[in-house]
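Visitor: Sequence:
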Amino acid sequence: MKKSPKNIQKQLDEVLLFLEDNYAVSQSDILQLIKNKQKEIKEEEATYIPISLFAATELSSLEAMTVYLRENKSFSFAQMGKLLGRNPIALSSSYRAAKKKYEKQIHVPESNYFIPATILRNKKLSVLENIVFYLKQEYRLTNAQISQLVKKDPRTIWTVLSRIKGKGVKA
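Counting from 1, one number per residue, gives the positions in the sequence shown under my numbering.
These are computed hints drawn from the structure, not numbers from a lab. Glycine residues also receive a C-beta, built at the ideal position from the N, C-alpha and C atoms. Any given hint could be a false lead.
[As the list claims (entries may be wrong)] Straight-line Cα separation of at most 25 Å, PhoX-like style, residue types lysine-lysine; simulated pairs: (1) Lys-152 x Lys-101; (2) Lys-101 x Lys-73; (3) Lys-104 x Lys-123; (4) Lys-39 x Lys-73; (5) Lys-123 x Lys-82.
[What the hints assert, rightly or not] Beta-carbon label-pair distances, calculated as ranges: (6) Lys-10 x Lys-123: 25 to 33 Å; (7) Glu-40 x Asn-72: 18 to 26 Å; (8) Leu-31 x Gly-166: 42 to 50 Å.
Model the full structure from these sequences, guided by the hints.
Guide: Printed below as a string of structure tokens:
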């Protein structure tokens, strides 16, 4: 049963009044908080990493992502930290290490596959494990296809998937 816009509006008004009465917060403050949260969610959803990035360089997955987000998307380390659920200081260290290894700008070829940057928030898995798990689950790719996309040996992909299973995550 679909709710009518009038019912939704009535419920929203009731919630706003409840919050205003019980928590001494004005409706305009609540609506501003909602707008800010919506903006934050849209930014997170809009940040997808092309898989071709990982085959474009010899950098580690995290290093490639930090360079990409910093140089191609103009993210600060604080923004990256919030997006990826990682420490901004560690991300800046990763970026500096990447720039020592690979000084030129990364050219990212066209890609048919993208991963949301937010998948790295899962700290139970490593960066590569998160990437491989996402490709396996969402795109239903074979180990050989994944290995070509991330420029890793197929045996490495098999090992990564077996480690994921060992951690209790179903791949």
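Visitor: Would you mind marking each hint as holding or not holding in the structure?
Guide: These are the hints, each one checked on the structure:
no., hint, verdict
1, Lys-152 x Lys-101, "18 Å, holds"
2, Lys-101 x Lys-73, "20 Å, holds"
3, Lys-104 x Lys-123, "30 Å, violated"
4, Lys-39 x Lys-73, "17 Å, holds"
5, Lys-123 x Lys-82, "14 Å, holds"
6, Lys-10 x Lys-123: 25 to 33 Å, "41 Å, violated"
7, Glu-40 x Asn-72: 18 to 26 Å, "21 Å, holds"
8, Leu-31 x Gly-166: 42 to 50 Å, "47 Å, holds"
In this structure, the hints that do not hold are numbers 3, 6, in rising order.
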